[in-house]
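*Asks:* Numbering (numbering that gives the first Met the number 0), first residue to last: 0 to 190.
Keep in mind the hints are simulated off the structure, nothing from the lab. Careful: at least some of the hints might be erroneous.
What the hints assert, rightly or not - List time: in silico EDC-like cross-link candidates among lysine to aspartate or glutamate, alpha-carbon distance up to 16 Å:
1) Lys99 / Asp88
2) Lys24 / Asp158
3) Lys24 / Glu63
4) Lys97 / Asp69
5) Lys33 / Asp61
6) Lys24 / Asp88
7) Lys33 / Asp84
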Amino acid sequence: MSDRLYLSSWIRGYSESNMLRHFEKMLELFPFSKLALLGPVLRVYAIEHAEPPLVERAFPLDAELSLVLDASREFTHDDCTVQVDGFWDLWQFDGDWKLKPAAVTLSCFGPVFENEIGDHLRIEFGLDSHFLPQPGIEGSVRMVQSNVRSMLHLVSQIDHTLALERRQLWSESGMNFAEVLTQAVGTFNVN
0 MSDRLYLSSW IRGYSESNML RHFEKMLELF PFSKLALLGP VLRVYAIEHA EPPLVERAFP
60 LDAELSLVLD ASREFTHDDC TVQVDGFWDL WQFDGDWKLK PAAVTLSCFG PVFENEIGDH
120 LRIEFGLDSH FLPQPGIEGS VRMVQSNVRS MLHLVSQIDH TLALERRQLW SESGMNFAEV
180 LTQAVGTFNV N
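Sequences are here, hints too, so could you generate the full structure?
*Replies:* Printed below as a string of structure tokens:
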């Protein structure tokens, strides 16, 4: 059964006054899709996700990320979260392997916004099945390996750009993704 996959980051010296600056750095690193038909969507939530967004705005494909964040500035406080929904290109199997846009959500949490693990920045990569080989599908290991490399490249860039206290790659179920991946790859005869 598929599980949602996340990368959480905790930033040294993170505060209301610098949170959007850190978020902008992460957005600039993110490889937004070249194949998507829709541009990013910005949402700002106050206090909790159960509340309706303070602002929700769709942007064109070619929108500058600074304009997306500028639209959030007047609504962003220490008890808010800023989210950008977008896409990135991953290999996906739909009768054949194709590079296609896959949904992703990038989040920046205000220091007092309550979330389940207290992280500052988060990327929701979508379903972990994009990163796990699928038995019975030819080329699965090789194509999924490309997706994993893309994810690890992004994680490495985040490590080198942001002043991280720590980071965590985790799944919704709480399973250790590295162990799940190792076990899944172990079921294939890989040379």
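*Asks:* Against this structure, judge whether each hint is valid.
*Replies:* Verification of the hints:
1. Lys99 / Asp88: Roughly 5 Å between the alpha carbons, so the hint for Lys99 and Asp88 holds.
2. Lys24 / Asp158: Distance ~11 Å between Lys24 and Asp158 Cα, so the pair holds.
3. Lys24 / Glu63: It holds: about 13 Å lies between the C-alpha atoms, which stays within 16 Å.
4. Lys97 / Asp69: Violated, at roughly 35 Å.
5. Lys33 / Asp61: The given pair, whose Cα atoms are some 10 Å apart, holds under the 16 Å limit.
6. Lys24 / Asp88: This hinted pair is violated, its Cα atoms lying about 20 Å apart.
7. Lys33 / Asp84: holds, 15 Å
The structure fails hints 4 and 6 (numbered hints given earlier, in ascending order).
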